[in-house]
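Colleague: In case you want the letters, here they are:
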Amino acid sequence: MRGWRTLGILVGAVVLLLFPLVLEQYKLYLASLTLVYLILAIGLNLTLGYAGQISLAHAGFMSFGAYAVAILVPLGVPFEGGLVVGVVIAFLWGLVLGFPALKVKHHYLAMVTLGFNIIVFLVLRNWESLTGGSFGISGIARPRWGPVRFQSDRAYYYYILGWTVLVVASAHWILHSRWGRAFRSIRENEMRAEVVGVSLRNYKLMAFAIGSAYAGVGGALFAPLLTYIDPGAFTLDRSIQFLMMVVMGGLGRFEGPFLGAVVVTLLPELLRASEGFYLIIFSLAVILMMLFMPKGLVEIWDWMVRKMTRRRHGPAHPPAPPEPAAVLEPK
Amino acid sequence: MTDVFQLLVAGLSIGSIYAMAAIGFVLLWQTSNTINFAQGEFVVLPAFVMVLFLTVFRFPFAAAFVATVIVSTLLLGLLVKKVLVERLLKMGVLPLVIATIGLSMLIRYSLQQFWTPLALPFPAIFSRQPIRVGGVIFSSEEVMNVLSAAIVIGTLQLLIRRTKLGWAMQAVAQNRDLASVLGINVSRLVGVTFMLNAALTAVAAVLIAPVYLVKYDIGIGIGLKAFYAAIIGGFNQIRGALLGGLLVGLVETYSAAYISNQFRDAFALVILIGVLLLKPEGLLGIKEEWA
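Residue numbers (the working numbering), protein chains in the order written: chain U, 71 to 401; chain G, -18 to 272.
Treat the hints as calculated values from the structure; they're not laboratory data. Hints may contain errors.
[Said to hold, decoys possible] No more than 25 Å apart at the CA atoms, straight line, and that leaves these computed lysine-lysine pairs for DSS-like:
| hint | chain 1 | residue 1 | chain 2 | residue 2 |
| --- | --- | --- | --- | --- |
| 1 | G | 71 | U | 365 |
| 2 | G | 63 | G | 145 |
| 3 | U | 365 | G | 63 |
| 4 | U | 377 | U | 365 |
Whenever a hint applies, use it, and build me the whole structure from the sequences.
Modeller: Printed below as a string of structure tokens:
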């Protein structure tokens, strides 16, 4: 099992590093976009998948990162500075919004966050002096480190890839620290978690705020990728798209966001040949997937992993020898 | 001053339609823990069906209305329950949420693709003759909308308060397992609730269609307003959804007239957020036990 995992990571790394060298411009853009969405999905998976708090404001948090970069970089702030500002704003708003999450149940939180996303959209559209209103901000520069510029699409892809590795590693670290264990214990049984001494209040707030901060990172990387942002990029629809990524990928599973981000970003592209029908096919696919694979695409993934390990080592669990009859008889 | 009264009726008129959608939404949540993200499309589809019966099959109005309610009940009630809900109910809240999001997209884009991306006109149901009371002029269409909604919601209240079916629904809403032990067929009841909801949204559709025109994407707005209404009033109370719907309609109408048309959707949201912060169970809601 461990060997396969290392091999998988190695193959993935080689593909992510080398494949972009041969991709044409549009496909390179899609690859970069998938990475950005992966970062956002990982954040939402922390909030929803591990800590069990639904958020429909992820696109709103994303906009903080995107607009921070778009507004600050022209003022001479380096890209990373803008990113940090955006992430801090997203984190703080995550704390503010996570606060009602302490008091309310699932469906209410869905509504609070949904409302928040719409308010963010309205503010972005109407605060023209800061955000450019519905025209948005164009000509967003890509990052540069002294003489090194990440101006070309390919260079910027590798820049995003670097951040993605950081995000994946930090998420992995969080989930394997006592934080991650606390998040999971909250999701599984709040009362039990509290009884054994997990401070619900702090961890729930943190799960929400950290998830939002990841959205800020994604947003900051998103703005220079398109070099143009407007409020329309951060609507409720986009938040719902992230929710679909996480649930379709597999809630509370580390592999989930990877599968979800790839499928939700690339499936519509593959279906684009069908013209106007692609949204219909996509929505059908969503419904069918929920009906037959409610745990998400990780089910296929697990099945493949099982197959592969079985082929190598023989049946993973040899059939247990029959129990002695005496044990089965009632006393 | 006359403006204030006219806007009051206008706000109540649109609000009572939101209230119907919100009540259906609350009923679904109560009996089956379904957060129906397709509630807006559940209003749009019957509106299209009604246009079909009126303009293509040339039914008289009353017959078209009855046919629309029947089609809606079968399609959005029975079929959705049998195909989607029955299977997903056991899986918890989220898979059903995603499935209804998928369903809303499916209905919206199918209407756009297979029918028309344009707005269809819809015949006025009630005469547009203004009614004069003192110095104030009311639109009779708005008054009739309020009255129709009041009759429908009143009947529904009676059904829930006074009939065996209604008692069974209340029992399931309070404790699903216990209701099942007491011999209530929960699955059938969920089906009945879905059909009731579909009938409600069909009535809402026929009332709102002359106001908004019939277009494939108007469900997004209607669905959101139904959400707001349900939250503001209280997710576990039909009276709550009624109050919420009327409030949303009034706030929207008044703020569009007196403050800013651009932010008209924002004021209802401000109330929403205020309610969530101060009384998260909703204005008339009852605190649910932590589950």
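Colleague: All hints are to be evaluated individually against the structure, with a verdict given for each.
Modeller: Status of each hint after checking the structure:
1. G/71 with U/365: This hinted pair holds, its Cα atoms lying about 12 Å apart.
2. G/63 with G/145: holds (23 Å)
3. U/365 with G/63: Distance ~20 Å between residue 365 of chain U and residue 63 of chain G Cα, so the pair holds.
4. U/377 with U/365: holds (19 Å)
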